[in-house]
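Participant: Spelled out, the chains give:
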Amino acid sequence: MKRMRRAIRAVTWLLVASFLGLGGWLGYTVYSQGARWATSQMNSRLNVAKKTNAMGDITDRNGLLLATTADDRTRKYSNDPNIRRAVSQTVGDAMGMSGTGVETFQAGTLLGLSGSIIDRTWQVLTGSQVKGDNIRLTIDAELAAYISGQFPSKKQGAVVVMNYRTGEILAMVSKPDYDPDKLTTRQSGGDESGSGYLNRALQGQYPPGSTFKIVTLAAALDYLPSAVDRTYLCTGLKEFGNGKVTCYGNAVHGELSLLQAFEKSCNITFASLAVEMGSKALIQTAEKMGFNVNFNFRDLVLYESSIPEQIPDVSELAWTGVGQGKLLVTPLHMAMITSAVANGGVMPSPLLIKQVTGVGGLPRLRTQSGAYGRVMSEGTAQFIGRYMQKVVTDGTAGKAAIKGYTVCGKTGSAETSDDKSVPTDAWFVGYLDDPAHPYAVAVVVEKGGAGGDTAAPLAAKVLKKAASRNITG
Amino acid sequence: MARPVEAGALRRAVLRANTRLLLTGVMLFQFTGMLLLAIRSDSFDLQAVTFAVALPLVTWLTVKLYSKFWPIDRALLILTLMLCSISLVTLKDIARSSVTPQTQAVYMLAGLIAMAVGIEFMRHVRAWDRWAVPLMVVTFLMVASPLIVGSWVNGAKAWLKFGSGDGALTVQPSEFGKISLIFVLASQLSNRPRFRKCLPALLFAAALCGLLLVQRDLGALLIYFLTTVMMFYAATSNLPVTLAGLGMGAGGAVAAYHLFPYVANRIELFKNPWSDPLNLGYQIIQALIAIGSGGMFGMGLGLGYPRNIPLYHSDFIFAAICEDFGLVFALAMLGLYVLILMRGASVAMNARTSFHALVAFGVVALVASQTFIIVGGNIKLIPLTGVTLPFISAGGSSMVSMMGAMGMLLGVSSLNADDEAEDLRRLEWREGAL
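Chains as they are written, first to last, in my numbering: chain A, 1 to 473; chain B, 474 to 907.
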């Protein structure tokens, strides 16, 4: 009997432990995924709630009204058509066409479903209409409208501006856009192709082109300390395995230092570095910066950036080192990596919601969303920052320079097709090295040609405008 | 020798006094819950008002009468009744018609009778060895019967149907097989048998598992398996054989994954339900959405829409409870199961014979494994297998068999109390004699 009691006690504790695990998992899974499940498009409760509850307002960081519920229960968006279109995918729409918009992703909050038990009891007892919470976003709608106006006409692409210290997204513009007020049925509205509903900043997965050299450079600094002091020779073409790497525009850079190679975005130098350090070092560095990570941010849905988990082929590794190969990134993720460089190696988590206010304008307590984490050492970040500054002063991003500000950046011209007659995607990522204006930017213009010619000048305008609007706090 | 008995008696007296508070709490929950549901609609809901009065009354009477007849563990009884009342309140809220809560109330009454039978049975059963072989044969035939005369329900052939049309009574024999299994294992494994002597009982358990596999009742299969393994370990403390048994179970699961497409389907669905959200993944996704919609404190009783979940009243009632009452309540409810589990285990450890200890522990193992399997399936911790949430899911077979099993546990607790009273009397007699 004594042995049996001991055995029973042991199994009982095991059972208790598994129930603790069960409860722990339940708590964890509701905490981390619950909001996502509740706002799923398959949740018919939201449609029921939309009939009975008044959805809360959405404003920009300055209090500018972006979406509200009219007395006739229809949803009304900003009166200014330019603003309406510029923030269309960010704010979303009543039809849920833009699946990652605040209207959809935060529907539970806007409909008051996640309100406190006291509010709910009060509303049930008084029989008053349930009024959802109001959301103040971190974006500056007028900056977004400015970006939208400056974006090359008839081109597609995305621009993200974020505060690299706090992670607040100040503007997120995706082209083409659509007019949420003109949607009457799920079928009509928007542009003809229908791709206007896509938020390219969050959902667009692009080859990063030479902007990825920031990652390759970080890996080289960690794994090949001697890379800094060497000189490299660029003859315009070099064979790797059974493939060959060329420089953009078939340029021949001749003999250059690592800094000059970065300034001029020499493919051959960075391909050689990638091959020399090996695929493991490059993949590890990229994954540390968030590649292949299923992001689970509080405020928004960000699609995954990807790098192959193994790159056995040498020529593919060489191309991966210069940002081609099978790499894919989202513009926001590229802005986050740039922010990490600007922020001393700590990558911020992107924030889109400044404040949620409930009945009577009282702010709701929200779970804090800390930084994503340190993705490179402070020394590496400062080193890359210095290099990026030189890219603007002496290199390919000359058109990104702004008088009176220190701009650091990196251009990219990413090939999207084997057909050389298809123009490259024009990329620019960069930031203002200015404590008063800590803004990072990522620009993609699809089929825009050279990053230095198309994306860099747009980024300069955007950063200058952001600085002049003096967005802080 | 005198002191521990005195201390034990004192502790029990204190615990018994505390159950008054527990009972009041349960009755208050029943009353307020049903009253809230009664004022939910504009029209007068006679059923809810009736429940609001009758449910606390029945609970109070049950606790008073049962503990008057038998010296049972009151806390265990009250905790079980609390789970039954969560069942009635939830079903009253979420069911489409008033028939479901009404039949569930009838099942609960039937369960209370089954509980009384279980208590009486455990108090009087002697010569359990002689029961074992006939019981094995009967149970095997009973669990096998749906294969011959049964009908497919929700992808499993585990049901017997009596009568026809709407009034037909369906019975799930495997629910009652659980009780036989516990009894047979307890009788065969008591008194520390050598491994060879355990074999008939283990083969019996394995044969039942085989039948359930053919019936595609994977949930019941898992419960039978886990209960057997836990009882075997408790009886023999034989860790190598227990681990080997678990290994064989895991091997069987892998084999089943490759052999039976319906098992592989379950696993695929578990890994990525969002791949087919409208068809195969529909159930689990709607359950997760309901849990997410409930959030911390729930949508509120009567304010949720758990009917969007398929099988919201049986397999997915946990998700429905999460939606109505919220995460905090659901965690507290899991806490109730843990309390029952620990309380039941202490009954098992206080039992005077290894047979009684094994019966009590078998019931604990059964309730715990079944609860873990269905809750874990609801929240996508483990692949979903359709079993009922003990004492809560709608359904007669489950309610009656679980209450019967709980009655056996309570019966053991009453025997323990009798024995302790006897000890105390002898002690007093001895002290008086001195």
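Don't read these hints as lab results, they were simulated from the structure.
Treat the hints with care, as some may be off.
Examples of chain B residues lying across from chain A (beta carbon under 10 Å, computed) [as the list claims (entries may be wrong)]:
id: 1; residue: T497
id: 2; residue: A548
id: 3; residue: L676
id: 4; residue: N745
id: 5; residue: W747
id: 6; residue: S819
id: 7; residue: N823
id: 8; residue: R825
id: 9; residue: T844
Just so you know, these numbers come straight off a predicted model, no measurement behind them.
Beta carbons: idealized from backbone N, C-alpha and C, even for Gly.
Participant: Run every hint past the structure and note whether it holds.
Facilitator: Tested hints:
{"no.": "1", "hint": "T497", "verdict": "violated, 23 Å"}
{"no.": "2", "hint": "A548", "verdict": "violated, 16 Å"}
{"no.": "3", "hint": "L676", "verdict": "violated, 22 Å"}
{"no.": "4", "hint": "N745", "verdict": "violated, 13 Å"}
{"no.": "5", "hint": "W747", "verdict": "holds, 9 Å"}
{"no.": "6", "hint": "S819", "verdict": "holds, 9 Å"}
{"no.": "7", "hint": "N823", "verdict": "holds, 9 Å"}
{"no.": "8", "hint": "R825", "verdict": "holds, 8 Å"}
{"no.": "9", "hint": "T844", "verdict": "holds, 8 Å"}
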